[in-house]
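Colleague: The residues making up each chain are set out below.
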Amino acid sequence: MTGEMYLLPFFLPLAGALLLLFSRLVSDHSAVRPALRATALVTTYGMSTLFSIGNVLSKSAEGFIGGYHPGIAIRYEVTPILSSVYLLAVLLSFISELYAKKEMRSKPDIAAVIHIQLAFIGFTLISRDLFNLFVTLEVLGITSYILIASGEKYRASLASISYLLMSSLAMAFFLLGIFGIYRQTGSLDLIAIRAYYLSSPATYSTTLSITSIATALLMRTAIFPVHTWLPEAHASAPHHVSALLSGLLIKIPLFPLALIVTLTPASVLLASVLLYAGAVSAILAVVSAFSQKDMKRLLAFHSVSQMGYVVASFGAFLIQGDTELLYVAALLHLTFHALFKATLFLTVGRVIDLTHSKDVYTVRNGARILLDASRSNVLVIIAFFLSAFSIAATPATNAFISKQLITDALKDYPLVSWTLVATGAFTVASFIKLSRVFFGDKSVPLPSVKPERKGIDAMILAILFLLASSVAEHFSLSLPLLSSFHPYDASHLTKTFITIAVGGGLYTLVRFKRVKTFMHAIEGLAVSLTSMLLSIPLLIAFLAILLHTVSGLL
Amino acid sequence: MKRWSNPAQILVSFIFLLLFLPLFLSQEPWPTAARDILAEEAEKQTGAENIVSAMYLGYRAFDTLGETIVLLIALSGTMSVVSLLKRNSEDVRTPVSLDFSLEEEKRAHHRLRTHLLEVVTGKIGPIILLFGFYVVMHGHLSPGGGFQGGAIIASGIIFFVLGNPHRREESEIQRTTLHLIESSAFLLFLLAALVPLFMTGEVLANPFEAKEIYIIALNTFIGLKVEPGSH
Amino acid sequence: MISPLLLLILFIISLHALIFNPSLMKKVFALNILNSAIVLLFITQGASLGSRAPFTTESPEQMVDPVVQALMLTAIVIGVCVTSFSLALVVHLHSRYGSFDYRHIRKGIANDR
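Residue numbers (this note's numbering), protein chains in the order written: chain A, 1 to 554; chain B, 555 to 785; chain W, 786 to 898.
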């Protein structure tokens with residue numbers, strides 16, 4: 001490909017969004033509307049997939065947008081890895097849009113928002129410019145506020161405005177961080193900034209600026225202690241939006257974060273904060289998840305927990321710098337999590353829609369209800385159980401490989417590694433709890449559900465998931481880097497079976513009254529908006545003071 | 555209602571004040587490298603005398619693309635929430651009493667309309683529109699540009715709407731027109747971004763010999779984009 | 786010297802209101818002021834270079850920094866957009882629960898379920 005054709009796949013979703021916006025102008029019943037919609041889908045998903053595959057197969061490319069003067073213009077970098085993450089984004093957006101076909105047809109502007117979000121996920125990945133990152137992150141933010149509120153429920157509106165306030169506060173600090181960095185370096189180009197800081201001593205202002213930016217990104221990634229917005233936002237959004245946000249959107253800021261962390265001379269320290277924050281986040285969130293009553297809140301807390309795995313291994317990668325195994329482990333887990341979390345939200349969403357209840361303790365017979373509604377839902381049930389086994393990391397699933405890889409690669413940090421294993425046990429327990437929704441007493445009469453025609457979509461969805469996850473698993477095992485990694489040897493399998501057994505044991509503990517009260521107490525914990533907002537400047541202050549004093553001592 | 559926040563909260567804010575003090579009060583000289591490059595090259599590379607225009611329509615036009623898209627989606631998001639609001643509160647009517655109201659028989663439809671408003675807005679509207687177009691078209695030569703001019707045009711149109719006695723009846727037609735303007739402005743901006751890709755191989759590059767054309771065009775598109783956004 | 790200090794105070798006051806004031810409406814206003822404080826900080830500091838407008842016809846040594854002006858143009862528009870959407874959401878919640886206090890709204894939502 002010549003010139004900046006590398007950038008084309010990222011612009012195509014904008015063209016798709018444009019077609020959808022134009023479709024508002026024709027009347028609802030005209031035949032032009034479906035045609036415009038179909039063209040939009042092909043442009044956004046079909047064509048950008050094709051071009052991205054081209055990008056994945058070709059070499060990295062970098063340059064300045066518009067070819068203007070370096071130092072002022074916006075730097076970008078397209079690498080095969082970023083292109084494959086973008087491909088994942090295309091797949092998930094497509095699944096999410098397909099799932100909500102009916103709403104998308106009646107509300108073209110909401111569909112356009114999904115397409116625009118996809119384009120800006122791409123831009124966030126490739127941008128190497130501080131201020132451009134600010135703009136793209138703001139677009140991602142505002143699209144998610146709109147998508148969360150698109151369910152038209154008051155609960156979702158409150159969740160959306162809480163997220164909006166927290167995220168905008170973080171972005172204000174991001175802007176302040178840009179101020180601090182620009183005033184020192186006179187540049188917005190991340191590569192030039194890094195070069196500048198390599199040759200000059202870091203002042204307190206530098207550290208404060210970098211931690212401000214890093215905190216804004218951590219908040220978007222939903223890592224303890226700035227994860228507090230996520231459970232309510234992802235639980236109250238419409239199902240397809242939850243799948244999109246949990247599966248995809250919280251992972252994107254990790255890539256700019258890696259660039260920001262390496263800016264500071266104290267990058268090793270900041271990276272170790274990531275490592276431990278990831279571990280803490282994994283274990284705390286999984287305990288909360290296990291205590292939840294609302295099925296979608298349970299899944300949302302698991303997103304925080306699984307992101308803990310990814311961030312921990314990202315942190316370890318940034319500490320060591322040259323250990324590619326950690327990076328691959330993080331990327332694999334990120335991909336697998338995107339696939340199974342989206343599937344979990346969508347399949348559980350089907351059960352919630354049919355039973356009109358989100359209560360994990362009272363909904364039962366989910367499998368029979370689904371089958372009553374449509375025979376093809378058998379694939380939905382299979383997809384749910386495959387992804388539940390995946391997230392619990394049982395052998396022969398994709399996340400089994402990535403989780404073993406992460407705990408192996410983190411063996412230099414035994415504390416983190418064992419915390420993650422303990423998280424695994426809780427994950428198993430929590431998914432035993434959730435799976436019970438699908439079973440139940442045969443003698444209990446079922447609530448009557450009207451047969452639905454949505455079966456075909458469910459089938460496409462499930463098949464897409466099965467295909468994607470088996471391709472991903474096969475691909476990961478064939479990586480040359482992993483040739484010395486044997487997930488199916490005795491020690492790994494023993495560890496896994498012990499984890500699963502402990503998980504089962506944890507689940508049986510729920511019978512005891514004390515455990516029940518404890519779980520109930522955790523479930524009742526409601527974070528006030530004040531503490532949500534306060535956590536951001538506090539984290540910035542904590543990180544800045546920590547980095548400044550410790551790097552002063554070294 | 556208490557007058558003051560509690561002392562612990564004040565203390566926390568005071569600690570933040572101390573923490574951010576060094577960043578705000580830093581005495582380092584402001585960097586000049588970018589300014590010097592721009593003063594030298596901006597007109598040659600983009601054709602704009604106004605360096606700020608050269609920045610946001612040339613060097614960093616990509617940021618501007620993001621910005622217009624934020625405007626687009628925030629507008630559609632706000633409209634969808636506001637339309638929910640209208641649906642929910644169709645029957646709520648707040649009593650309005652104004653000294654400058656119209657005669658009794660007209661008041662039912664135009665509760666907020668006064669003679670003063672109608673006369674002033676009707677006369678000033680066209681002048682403001684003209685000024686708005688001037689600001690858009692001269693954005694590359696003088697202070698101003700698409701955003702500022704677009705906002706001025708929008709206020710001109712708001713004046714027209716305020717001065718128009720048949721406001722309620724036209725609102726539906728107006729919405730379609732606004733959708734049309736908004737979508738076409740997005741189309742034009744996207745074309746402006748992508749056409750150079752096929753002409754010169756670079757996104758958002760200036761494809762013309764006379765570089766002013768591209769800048770004026772971009773300014774106009776942004777003006778178009780901002781105009782419905784401000785309603 | 787005095788202007789960054791005043792902006793810092795503005796910044797902290799709005800941060801205080803954003804965090805501690807329970808009213809969602811006031812939080813949105815505070816957010817707006819917070820953004821303005823940062824925008825003004827960029828502009829005043831960028832103008833420490835000179836006193837002339839950034840035009841190629843002016844002498845380069847006298848000119849203010851055009852980069853920050855262009856950046857802030859973008860930041861202002863984004864701030865306005867976020868504000869408009871958040872105001873719509875706040876009014877939407879107010880129409881149902883009759884209050885801007887988020888604690889009250891949260892209670893109302895818990896009762897609705």
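FYI, nobody ran anything at the bench for these hints, they're computed from the structure. Bear in mind that the values here come from a model prediction, so they are computed numbers and not experimental data. Just so you know, not all the hints are guaranteed correct.
[What the hints assert, rightly or not] If you want the footprint, here are the derived chain A segments under chain B, 3+ residues with CB under 8 angstroms:
id, segment
1, 20-31
2, 71-77
3, 122-136
4, 180-191
[What the hints assert, rightly or not] If you want a taste of the chain W side facing chain B, the calculated C-beta under 8 angstroms gives, among others:
id, residue
5, ILE787
6, LEU800
7, ASN817
8, ILE818
9, MET848
10, PRO851
11, ALA855
12, VAL867
13, VAL876
[As the list claims (entries may be wrong)] So the derived label-pair ranges between C-beta atoms look like this:
id, chain 1, residue 1, chain 2, residue 2, range
14, W, ASN896, A, LEU57, 51 to 59 angstroms
15, W, GLY883, A, ASP412, 52 to 60 angstroms
16, A, ALA521, B, SER637, 22 to 30 angstroms
17, W, ILE818, A, SER60, 53 to 61 angstroms
18, B, LEU565, W, LEU791, 39 to 47 angstroms
19, B, VAL673, A, SER30, 21 to 29 angstroms
20, A, PHE385, W, ILE794, 26 to 34 angstroms
21, A, LYS102, B, PRO680, 39 to 47 angstroms
22, A, THR494, W, MET810, 52 to 60 angstroms
23, W, HIS889, B, LEU575, 30 to 38 angstroms
24, W, LEU791, B, TYR688, 34 to 42 angstroms
25, A, HIS520, W, MET810, 31 to 39 angstroms
26, A, PRO201, B, SER637, 36 to 44 angstroms
27, A, VAL515, W, HIS889, 50 to 58 angstroms
Heads up, the beta-carbon is just placed ideally off N, CA and C, and yes, glycines get one too.
Colleague: Is the interface hint satisfied for ILE787 (chain W)? The criterion is a beta-carbon contact with chain B at less than 8 angstroms.
Modeller: 10 angstroms, violated
Colleague: Determine whether the Cβ-Cβ distance between GLY883 (chain W) and ASP412 (chain A) falls within the hinted range of 52 to 60 angstroms.
Modeller: 57 angstroms, holds
Colleague: Range hint 21 to 29 angstroms: satisfied by the CB atoms of VAL673 (chain B) and SER30 (chain A)?
Modeller: 43 angstroms, violated
Colleague: For the segment 71-77 of chain A, count the residues whose Cβ lies under 8 angstroms from any Cβ of chain B; is that count three or more?
Modeller: That given contact holds, which follows from 4 residues of the segment 71-77 of chain A lying within Cβ reach (below 8 angstroms) of chain B.
Colleague: Please check whether HIS889 (chain W) and LEU575 (chain B) have a Cβ separation lying inside 30 to 38 angstroms.
Modeller: Because 36 angstroms falls inside the window, the suggested range holds.
Colleague: Per the CB criterion, is VAL867 (chain W) less than 8 angstroms away from chain B?
Modeller: It holds, given that the least Cβ distance between VAL867 (chain W) and chain B is near 7 angstroms, below 8 angstroms.
Colleague: For the range 53 to 61 angstroms, tell me whether the beta carbons of ILE818 (chain W) and SER60 (chain A) fit it or not.
Modeller: 43 angstroms, violated
Colleague: Is it true that the C-beta distance of PHE385 (chain A) to ILE794 (chain W) lies inside 26 to 34 angstroms, as the hint says?
Modeller: 58 angstroms, violated
Colleague: Are there three or more residues in the segment 180-191 of chain A whose C-beta lies closer than 8 angstroms to some C-beta of chain B?
Modeller: holds (count 7)
Colleague: Holds or violated: the 52 to 60 angstroms window for the beta-carbon distance between THR494 (chain A) and MET810 (chain W)?
Modeller: 58 angstroms, holds
Colleague: Under 8 angstroms is the threshold here; is the Cβ of ALA855 (chain W) close enough to any Cβ of chain B for the hint to stand?
Modeller: Since the shortest Cβ distance to chain B is 3 angstroms, the answer is holds.
Colleague: Cβ-Cβ distance between HIS520 (chain A) and MET810 (chain W): within 31 to 39 angstroms?
Modeller: Holds, since HIS520 (chain A) and MET810 (chain W) (Cβ atoms, about 34 angstroms apart) stay within the stated range.
In summary, the numbered hints that this structure violates are 5, 7, 8, 16, 17, 18, 19, 20, 26, 27.
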